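Okay, so the sequence shown: first residue is 1 according to full-length UniProt numbering, each after it adds one.
Honestly, I wouldn't trust all of these hints.
[What the hints assert, rightly or not] The list that follows gives simulated cross-link-like pairs (lysine to aspartate or glutamate, DMTMM-like), each with its CA atoms no further than 20 angstroms apart:
#	residue 1	residue 2
1	78	60
2	29	99
3	16	60
4	16	99
5	55	26
6	77	134
7	16	26
These aren't lab readings, by the way, just hints derived from the structure by calculation. Note that the coordinates shown come from a computational prediction; the quantities given were computed from them, not determined experimentally.
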Amino acid sequence: MFSGFLSPLPSVEEQKLHLKKKFALEDVKFERIITYLQTGHHTGGLNNSQRTVVKRQTSDYSWDAVSQKLYIVSGRKKREVVRTADGVARVLHLYHTTDLGAHIGYHATFNNVKQHYYWRGIKGDTMNYVAACDRCRNRCKTQDLRTRTRFRLLK
Numbered sequence: 001m002f003s004g005f006l007s008p009l010p011s012v013e014e015q016k017l018h019l020k021k022k023f024a025l026e027d028v029k030f031e032r033i034i035t036y037l038q039t040g041h042h043t044g045g046l047n048n049s050q051r052t053v054v055k056r057q058t059s060d061y062s063w064d065a066v067s068q069k070l071y072i073v074s075g076r077k078k079r080e081v082v083r084t085a086d087g088v089a090r091v092l093h094l095y096h097t098t099d100l101g102a103h104i105g106y107h108a109t110f111n112n113v114k115q116h117y118y119w120r121g122i123k124g125d126t127m128n129y130v131a132a133c134d135r136c137r138n139r140c141k142t143q144d145l146r147t148r149t150r151f152r153l154l155k
């Protein structure tokens with residue numbers, strides 16, 4: 001939705017609304033997976049093809065009953081599934097804005113986040129978050145100004 005090269009940056013409010021809509025759609029999927037992982041039974045009202053899809057999807061996930069968290073499992077790697085827009089905001093803030101992230105830029109933030117967390121659209125959401133960061137934008141403007149000044153001095 002926000003990934004066009006020349007498209008304007010979405011506002012914080014637009015990002016939050018986009019995330020809430022996205023997670024509302026995914027919530028049904030994850031609730032079905034969690035129910036099946038917890039009980040071994042499907043939620044009511046599913047037809048045979050929906051049951052098959054849920055059963056196939058559960059092989060990629062595990063449920064931690066103590067922490068009440070869903071994890072996506074790939075080989076020996078286990079990443080927490082972020083299921084809310086507030087959760088995404090918390091993770092991105094932690095890995096970009098706090099001392100842990102220290103405004104390290106998009107690629108480093110994305111690589112650190114994807115090692116521990118999963119949600120659909122993680123790459124685009126991380127890109128939008130970092131692109132909307134005032135501190136990083138101001139730093140880029142300052143660095144760009146320094147580069148242009150150096151170039152003029154070399155001429």
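Checked hints:
no.	hint	result
1	78 with 60	holds, 10 angstroms
2	29 with 99	violated, 34 angstroms
3	16 with 60	violated, 28 angstroms
4	16 with 99	violated, 23 angstroms
5	55 with 26	holds, 16 angstroms
6	77 with 134	violated, 34 angstroms
7	16 with 26	holds, 15 angstroms
In this structure, the hints that do not hold are numbers 2, 3, 4, 6, in rising order.
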